[in-house]
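Participant: Here is what each chain is made of, one letter per residue.
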Amino acid sequence: MTQAASVDMTRINKFYGPFQALRDVSLHIPPGKVTCLIGPSGSGKSTLLRCINFLERYDAGEIRIDGQLIGYDTPGGRLMSGRRLREMRRDIGMVFQQFNLWPHMTALQNVAEGLERVRGLPRAEAEAQARAALDKVGLGDKTANHPARLSGGQQQRVAIARAIAMQPRVMLFDEPTSALDPELVGEVLAVMKQLAAEGMTMVVVTHEMGFAAHVADRVAFMERGELVAAGTPAEIFANPRDERIRAFLHSYHERNAFEV
Amino acid sequence: MELSVLQQYGPMLLRGFGITVFCWLAGTVLSMALGLMIALAQRYGPRWLNWLLRAYIEVIRGTPFLVQLFVLYYGGPLVGLRLDALPAGLLGLTVYGSPYFAEIFRSGFGAVPHGQIEAARAVGIPEPSIVRRILLPLALVSALPALVNFSIILTKETVILSIITVPELMYQTQRMSTETFRYLEANFVLALFFWGLVETISRLGRRLEARVTRHIERG
Ligand SMILES: Nc1ncnc2c1ncn2[C@@H]1O[C@H](COP(=O)(O)OP(=O)(O)OP(=O)(O)O)[C@@H](O)[C@H]1O
Ligand SMILES: [Mg+2]
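Note that the protein sequences, when read in sequence, are chains G and S.
In terms of our numbering, the first sequence is residues 1 to 260.
In terms of our numbering, the second sequence is residues 1 to 219.
Because the hints were derived from the structure by calculation, they are not lab data.
Just so you know, not all the hints are guaranteed correct.
Facing chain S, according to a computed beta carbon distance under 7 Å, are these residues of chain G, among others [claimed, not checked]:
1) Leu-55
2) Arg-86
3) Arg-89
4) Arg-90
5) Arg-117
6) His-146
Pairwise CB distance ranges (calculated) [unchecked claim]:
7) G:Gly-210 / S:Tyr-56: 49 to 59 Å
8) S:Pro-128 / G:Arg-57: 15 to 25 Å
9) G:Arg-84 / S:Leu-25: 37 to 47 Å
Only a predicted model underlies this, so the values are computations on that prediction, with no experimental measurement involved.
Cβ atoms here follow ideal geometry from the backbone N, Cα and C, with glycine treated the same way.
Between the sequences and the hints, there should be enough to build the whole structure, so can you do that?
Facilitator: Now the structure itself:
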């Protein structure tokens, strides 16, 4: 795999009009590790994740991918050129809650599209690499299917293949299993674990506390646009010092507990 | 009804129908192309251009085609725009149809889920490729019924070209009826030809729709 990259966020602020969605968020994402972002709904997890590949424009602060500033030419300076931004995005794969596959293309075309248009590979070479990526997520036999002919879990695995085919150095996941039927969650998490084992830098927004507790190297907890705490899963889950984290975990356990 | 007049006027009527079909086809293709350019310019162009195009859309949609055609054909020469009847008619149809097509494309763009565009940006695909490979195909699929519908409306707008002497079907049937006083037969022929044309277009449209949506909808 290509060299895994680190992500460094320093005092990120983000406004939607008068509403402040991110307040002075600073977070280091170590290379080759899995970092999970957790927290209540509306706390700014997606916003922060989307700032990393500049799908969302942050208003103040710095985000650096392996030391390189993304979005602006200089901190607080002019927006970087579209070309430069696209170059940086090649290194950052993203997987969305709603998969966002292109429905008029087959699984193979979905994965090959970026290889052709961004990496400039000839069609045949792009398709060969796309096939390899689909093989890797266990969908080597579904290459000719359109998204409408795939289950949710399969669609999300195609979306992961689409991202990893570009050989990114960081992968962003925004609640990759939240739109899935419970019985399909496992197959997607399995692919993500495999990626993690290969040493990919992963930032995962998730409500799957099990995944966060068992797969993450680091867990960051957000609330109301602030980063409350970041640490090992043990530090966050086993003995959280902050009351807000305890309250969040408590309500999570209440929602997910069931009697037989 | 006395259909024997058709023997004499048949070839002329057929030629007229040929010109009607040609005007419809050329007018539809040209106004659709112009409409698409307007919609793209509104989406990607600067704000002042958006306002300008908005005004163009409102003015053209707010005035009858008949009036537009008169202004173009009889008023055009006053500002140095001297066109023959047929080119003037095609230009008129293009101008008249473009705002409707622009609005259809605009709503087609709106129907493409933003996430699918974002996914393309996240991969690093350049914006022109996103438009060509993702936005346009998906917008076309959702806009197809409306595109076909407006194309059908345009078939009947072509009869207005007769007032600037384009020798299309309406013009020929009017000539036949003033020469023979066979008004009923003339209108019968007119209705029959148009019904045939519209029926053909809507059948083709439904076929095309089934074809382009076959992968997209679950079935
Ligand atoms: N485009 C927008 N315009 C205005 N406000 C927004 C926009 N996007 C997000 N917000 C607001 O910013 C805050 C953070 O949103 P965000 O989507 O990042 O939360 P989240 O932590 O991902 O929540 P969830 O777990 O529900 O996905 C929310 O209060 C939301 O309403
Ligand atoms: Mg979210």
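Participant: Decide, hint by hint, whether the structure agrees.
Facilitator: Checked hints:
no.: 1; hint: Leu-55; verdict: holds, 6 Å
no.: 2; hint: Arg-86; verdict: holds, 4 Å
no.: 3; hint: Arg-89; verdict: holds, 4 Å
no.: 4; hint: Arg-90; verdict: holds, 5 Å
no.: 5; hint: Arg-117; verdict: holds, 5 Å
no.: 6; hint: His-146; verdict: holds, 4 Å
no.: 7; hint: G:Gly-210 / S:Tyr-56: 49 to 59 Å; verdict: holds, 58 Å
no.: 8; hint: S:Pro-128 / G:Arg-57: 15 to 25 Å; verdict: holds, 22 Å
no.: 9; hint: G:Arg-84 / S:Leu-25: 37 to 47 Å; verdict: holds, 45 Å
Hint check: no violations occur; every hint is consistent with the structure.
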